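Chains as they are written, first to last, in this note's numbering: chain A, 1 to 100; chain B, 1 to 130; chain C, 1 to 130.
Misleading hints may appear alongside valid ones.
[Unchecked claim] One side of the interface only, derived from the structure: several residues of chain C facing chain A at Cβ under 10 Å:
#1 Y12
#2 A26
#3 Q55
#4 R58
#5 Q83
#6 D130
[What the hints assert, rightly or not] The calculated DSSO-like cross-link candidates involving lysine-lysine, where the alpha carbons are at most 27 Å apart (straight line), are:
#7 K56(A) - K115(B)
#8 K2(C) - K30(C)
#9 K56(A) - K98(C)
#10 K115(B) - K47(A)
#11 K71(B) - K115(B)
#12 K115(B) - K60(B)
#13 K56(A) - K94(C)
[Claimed, not checked] Computed spacing ranges between beta-carbons, pair by pair:
#14 I44(A) - G113(C): 21 to 31 Å
#15 G113(C) - G68(A): 40 to 50 Å
#16 E81(B) - A93(C): 32 to 42 Å
I should point out that these hints are in silico values taken from the structure, not numbers from a laboratory. The structure presented is a predicted model; accordingly, all values stated were derived computationally and were not measured. Positions of the beta carbon are idealized from the N, C-alpha and C atoms, including for glycine.
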Amino acid sequence: MLHTVNKSPFERRTLDSCLRHAQPDSAVLLIEDGVYGAFDGTAITGKVKDAIGNFKMYVLGPDVRARGMDESHVLDGITVVDYEGFVDLVAEHDKVQAWL
Amino acid sequence: MAEPWEDEEQGPVRKFMYVNRRAPYGTIYALESLEVVLIAAAFEQDVSLVFLDDGVFQLKKGQDTAAIGVKNFSPTYRALEGYDVEKLYVEQESLEARGLTADDLVVPVQVVNQKELGDLMAEQDVLLSF
Amino acid sequence: MKFGILVNEGPYQHQAADSALQFTKAALAKGHEIFRVFFYHDGVNNGTRFGVPPQDDRNITQQWSDLAAEHQLDLVVCIAAAQRRGILDENEAKRHGKDGNNLAPGFRISGLGQLIEAGIQADRMIVFGD
Chain A
1 MLHTVNKSPF ERRTLDSCLR HAQPDSAVLL IEDGVYGAFD GTAITGKVKD AIGNFKMYVL
61 GPDVRARGMD ESHVLDGITV VDYEGFVDLV AEHDKVQAWL
Chain B
1 MAEPWEDEEQ GPVRKFMYVN RRAPYGTIYA LESLEVVLIA AAFEQDVSLV FLDDGVFQLK
61 KGQDTAAIGV KNFSPTYRAL EGYDVEKLYV EQESLEARGL TADDLVVPVQ VVNQKELGDL
121 MAEQDVLLSF
Chain C
1 MKFGILVNEG PYQHQAADSA LQFTKAALAK GHEIFRVFFY HDGVNNGTRF GVPPQDDRNI
61 TQQWSDLAAE HQLDLVVCIA AAQRRGILDE NEAKRHGKDG NNLAPGFRIS GLGQLIEAGI
121 QADRMIVFGD
């Protein structure tokens with residue numbers, strides 16, 4: 001399954017809820033404000049690093065750049081994708097769940 | 001010999017899960033997602049409703065909306081059975097975090113833990129979030 | 001592959017409509033088919049042709065209409081959600097005695113069954129919301 005998370009982990013607990021329910025080896029894609037969860041040096045970096053060990057993590061580059069965030073500070077193990085990559089992720093996984 | 005109407009092929013049946021994570025009344029998502037479920041019943045798919053995080057509040061007994069001037073739609077959850085929507089799952093951890101038990105809820109539900117819920121989600125064909 | 005897209009939020013207020021547009025364009029560019037884009041909750045507000053956003057910014061409704069025209073997309077606005085929020089086509093306006101209608105080109109108003117059908121027929125459903 002591909003899980004999408006679109007809200008900031010500092011605003012809402014959707015990333016948290018997603019990570020607690022996603023099966024090991026499923027994919028998690030951070031989009032929109034969700035991209036703020038992909039960075040080093042934040043209060044949740046530890047939790048996200050753990051997630052990287054359990055899930056295939058992705059972040060939407062266009063949303064990162066829109067917010068002035070530095071792609072080079074995206075945590076190791078989180079792959080930056082663009083919208084074409086988002087489409088490919090949807091095609092590669094059997095279903096998509098949006099954590100809103 | 002089969003009756004003519006028995007020859008009608010059942011179309012594809014998919015497992016649909018409606019994911020409810022929001023409280024009622026503060027936003028419209030709870031009400032409008034319930035409306036989807038009621039309409040969807042006509043399509044005879046394999047339907048599950050799950051309530052987790054603040055979604056468990058949707059099922060809280062004793063909703064009295066008179067003073068906020070908004071229609072109380074919680075009785076509709078009791079009508080679901082009549083629509084053959086019988087798989088209602090509520091997450092145990094979400095209930096406990098909110099000081100609730102299954103006895104506080106307006107309909108009988110199956111309480112599942114976080115892991116079981118994740119497993120259920122993984123079994124679905126289509127997951128709709130509101 | 002055939003994709004079904006559910007848009008739960010209106011234009012500008014949330015990024016959902018923009019994300020859905022960008023995803024849809026990328027999917028089409030990759031040769032996928034969009035089975036339907038279904039607009040629910042405030043998503044129905046994507047379907048008003050009376051929006052006059054600032055000239056130097058994107059016109060979301062126009063983008064949907066243009067995409068629909070170019071690729072024969074099926075853009076469906078949920079009738080129940082639309083009625084609540086005042087998105088009406090000519091028929092609906094007449095039916096309810098309203099003095100105007102506002103549905104944008106390329107959109108049509110229909111029931112929630114269209115969403116369920118998309119869930120049944122499409123290979124993947126992708127939800128954009130808040």
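Comparing the hints with the structure gives:
1. Y12: Nearest chain A Cβ about 14 Å off; hint violated.
2. A26: OK, holds: A26(C) within 10 Å of chain A, min 4 Å.
3. Q55: violated, 21 Å
4. R58: violated, 13 Å
5. Q83: Violated: closest Cβ of chain A sits about 23 Å from Q83(C), beyond 10 Å.
6. D130: holds, 6 Å
7. K56(A) - K115(B): holds, 19 Å
8. K2(C) - K30(C): Judged against 27 Å, a Cα distance of about 12 Å means the pair holds.
9. K56(A) - K98(C): Violated, at roughly 51 Å.
10. K115(B) - K47(A): holds, 18 Å
11. K71(B) - K115(B): The hint is violated at about 35 Å.
12. K115(B) - K60(B): It holds: about 23 Å lies between the C-alpha atoms, which stays within 27 Å.
13. K56(A) - K94(C): Violated, because 52 Å separates the two Cα atoms, which is more than 27 Å.
14. I44(A) - G113(C): 21 to 31 Å: At roughly 41 Å between Cβ atoms, G113(C) and I44(A) fall outside 21 to 31 Å, so the hint is violated.
15. G113(C) - G68(A): 40 to 50 Å: Cβ of G113(C) to Cβ of G68(A): about 43 Å, so the range 40 to 50 Å holds.
16. E81(B) - A93(C): 32 to 42 Å: holds, 38 Å
Hint check: violations occur at hints 1, 3, 4, 5, 9, 11, 13, 14; the rest are consistent with the structure.
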